[in-house]
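First to last, the protein sequences are chains A and B. Taking the numbering used here, the leading residue of the first sequence gets -18, the next gets one more, and so forth. Taking the numbering used here, the leading residue of the second sequence gets 266, the next gets one more, and so forth.
No lab work stands behind these hints, which were simulated from the structure alone. Even glycine gets a Cβ: it sits at the ideal position worked out from N, Cα and C. Be a bit skeptical, because a hint or two may be false.
[To be verified] One side only, chain B facing chain A, incomplete, derived with CB under 8 Å:
| no. | residue |
| --- | --- |
| 1 | Gln293 |
| 2 | Ile294 |
| 3 | Met297 |
| 4 | Asp375 |
| 5 | Leu376 |
| 6 | Ile378 |
| 7 | Val379 |
| 8 | Phe382 |
| 9 | Tyr386 |
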Amino acid sequence: MEYNEYLEECRQLFKAFEKSQGKMLTFSIEAAVDEFKTETELLESNFRKMQIMLKNKKEIEPKQKLLFEKQILRLLKFLKELSTLLPKLIKNPPPEAKDIIFIFERQHLFKNIFKKHLADFSKI
Amino acid sequence: MKIPDNYHRFLDLNKFHVFIDRIFFQQQIDIMHKNFDAAIDKLKIIQILLDQHIRDEEELLLPLYTKFVSPIPLGGAVEFYIREHKQIVRYISDFIDKISMWDGNTKNIDLEIVRLFDTYYKFKHLVEHHDTREDTFLYRYLDKMIEKKQKRDVLNLIVERQNRLLDQLNGI
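Here chain A stands alone, though its shape is the one from the complex (with noise of 0.2 Å):
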C-alpha cells in the first residue's frame, strides 16, 4: 500500500464512519453497531497496515515517524474504546440519548485525531 492509497482509503473511511453516526440518530441502533462494527475493523486494519509500512520507510524522517506512530496509536485506542461502548448501546434498549449524545462526543475526539492524522500524512 502506497501513501495515496492510504490516505484515500482513510478519507473513504472517515465519510463513511460519519454517514454511521447519523444512523444513530435514526435509533436503528443495532444497524448502526452493525457497522460501525465493520468501520472499525476496516480502520483498525488500514491503520496497523501503516503501522507496518513505517517501519520499513527510510524516506521519513524519525521524529515525523514517531508522530505517526503515535497518532495511530491513539488512534487504534480509541477504537478499542468505541467498540467496547456501542454495543452497550443495545445491551439495555433502547438507550438514553444521553449515552448516544456521549459516544458521539467519543467520537468527535476519535475524528479530530484522525483528521489531524490525515492533515499531516497528506505533507509527505
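Given chain A's structure and the hints, the job is docking chain B onto it.
Relative to chain A, chain B alone:
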C-alpha cells in the same frame, strides 16, 4: 422553569452555570429527536439568560474584582472573561442561525446533525473551561475580598435583574 435565586456567596453563581448546562443538554436531546423548533426555543432562552448573566458579571462583578483583587491571579485576567463571553454568545447565535435553516426537507440532515454535535462538543469544552476559570478565580477571590454587606447587595441585585427577565422568557 425556575432560575436559581438562592445566592449567598459568589460561588453560588455556579448554580446558574449548571442550570444553563441542563437546558443546553435538553436542547441536544431535542435535536436528536429532530425537534428543531423546541431546540431553538431552548437556545433562545439560553441566549437571554446568558446575556443577563454576562452583563451582571461585566457590570457588577468585574469592576469589584479589578478594584479589590490585587494582584490579579495568573489565569484570572479580566480580558480572558470578556473574550470568552464574546465567544460563548457568538456560538449560541450561530447555533440558532444554523438550526433555523433546517426543516423536514433539509438534505443530509443526519450528517448535518452529526457535524452540529461536533461543534457542540467544542462549545461545551469552551464553557467548561470558562466556568472553571470563574469558579477558581472570579467567584472565589470575590468571596474572599468583598465584605458581607456589599456581597449581599450585589447578589440581591443580580436576583432582581434575573427576575426582570421572566416576562421575556414567558414569551418564548
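Against the structure, the hints come out as follows:
Hint status for B/Gln293: holds, given a least beta-carbon distance of 6 Å to chain A, under 8 Å. Checking B/Ile294 against chain A: minimum C-beta separation of about 4 Å stays under 8 Å; hint holds. About 5 Å separates the beta-carbon of B/Met297 from the nearest beta-carbon of chain A, less than 8 Å, and the hint is met. Hint on B/Asp375 holds. Least Cβ distance to chain A is approximately 3 Å, under the 8 Å limit.
Annotation: B/Leu376 was flagged as interfacial toward chain A, and the flag holds, the nearest CB pair being 5 Å apart, inside 8 Å. The beta carbon of B/Ile378 comes within 6 Å of a beta carbon in chain A, closer than 8 Å, and the hint placing it at the interface holds. A cut of 8 Å between beta carbons decides the hint on B/Val379: the least distance to chain A is about 4 Å, and the hint holds. Checking B/Phe382 against chain A: minimum C-beta separation of about 5 Å stays under 8 Å; hint holds.
Annotation: B/Tyr386 was flagged as interfacial toward chain A, and the flag holds, the nearest CB pair being 4 Å apart, inside 8 Å.
Against the hints set out earlier in the document, no violation occurs for any number.
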